[in-house]
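Residue numbers (the working numbering), protein chains in the order written: chain Z, 1 to 90; chain Y, 1 to 130.
Just so you know, these hints were derived from the structure itself, not from any lab.
There could be a bad hint or two in this list.
[Stated by the list, open to error] Non-contacting residues of chain Z with respect to chain Y, defined by C-beta distances greater than 12 Å in every case (computed):
hint: 1; residue: Phe-5
hint: 2; residue: Asp-22
hint: 3; residue: Gly-25
hint: 4; residue: Arg-34
hint: 5; residue: Gly-67
hint: 6; residue: Arg-85
[Unchecked claim] From the structure, some residues in chain Y lie toward chain Z, with a derived Cβ separation under 10 Å:
hint: 7; residue: Glu-68
hint: 8; residue: Leu-70
hint: 9; residue: Val-71
hint: 10; residue: Asp-73
hint: 11; residue: Leu-95
hint: 12; residue: Gly-96
hint: 13; residue: Arg-98
hint: 14; residue: Gly-107
hint: 15; residue: Thr-111
hint: 16; residue: Leu-121
hint: 17; residue: Gln-123
Glycine included, each C-beta is placed from N, C-alpha and C at the ideal position.
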Amino acid sequence: MGDVFKALADPTRRAILDELADRDGQTLFELCSRLVMKHQLDSTRQAISQHLDVLEAAGLIEARREGRYKFHSINRGPLEHIVDRWLERP
Amino acid sequence: MRIYVTSVFVDDQAKAERFYTQVLGFQTKFDIPLGEARWLSVVAPDDPDGTQLLLEPDGHPAARPFKEALVADGIPFTSFAVDDIEAEHRRLEGLGVRFTQPPTAMGPTTTAVFDDTCGNLIQIAQLPEG
């Protein structure tokens, strides 16, 4: 399991999570289009793919194959642990 | 110089002709036998003299791995313009077309992406007016 905080430290990776929170289950193409059109982030597809790998290693997104397509979804589990750690009072 | 034809690689020309005419609504322009394959092209019904879309066999060994890699990443092979993308999305879904991306505003243009059943993803785009 990668580091959630390290994964969240990058603005492009936070923008990826913003877009997946807007609509879950996106192809790499849709994510890249949204990043360039809505966030002016014109990273290469390879760079975005590597960001997705970091987010996936931290458990913040999941990739699922459906037939010939691959869709990316947000996984809020690790974020809930952050809330539990500091915001939940005993 | 003018662009009179563009092409998509299809896995089966007969199936592609059915999909591109009966489902998408294009009409066959030329259907000329050429050995094993056909010179098979379609045009938009309201622009029959416009650019043809050639439904080209994907028999070359490099074509299929290329197509599969694009599809896995959700990348459309080409893009067609529509006047009302929401209506077109509803119409095509009603005909059983599988969308990998529903209509989504990408700046001033709204796009959607669907599977052409012949091994490609295709984008439709509603372009800004004027």
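Subject >> Hint numbers contradicted by this structure >> reply: 2, 3, 4, 5, 11 and 12
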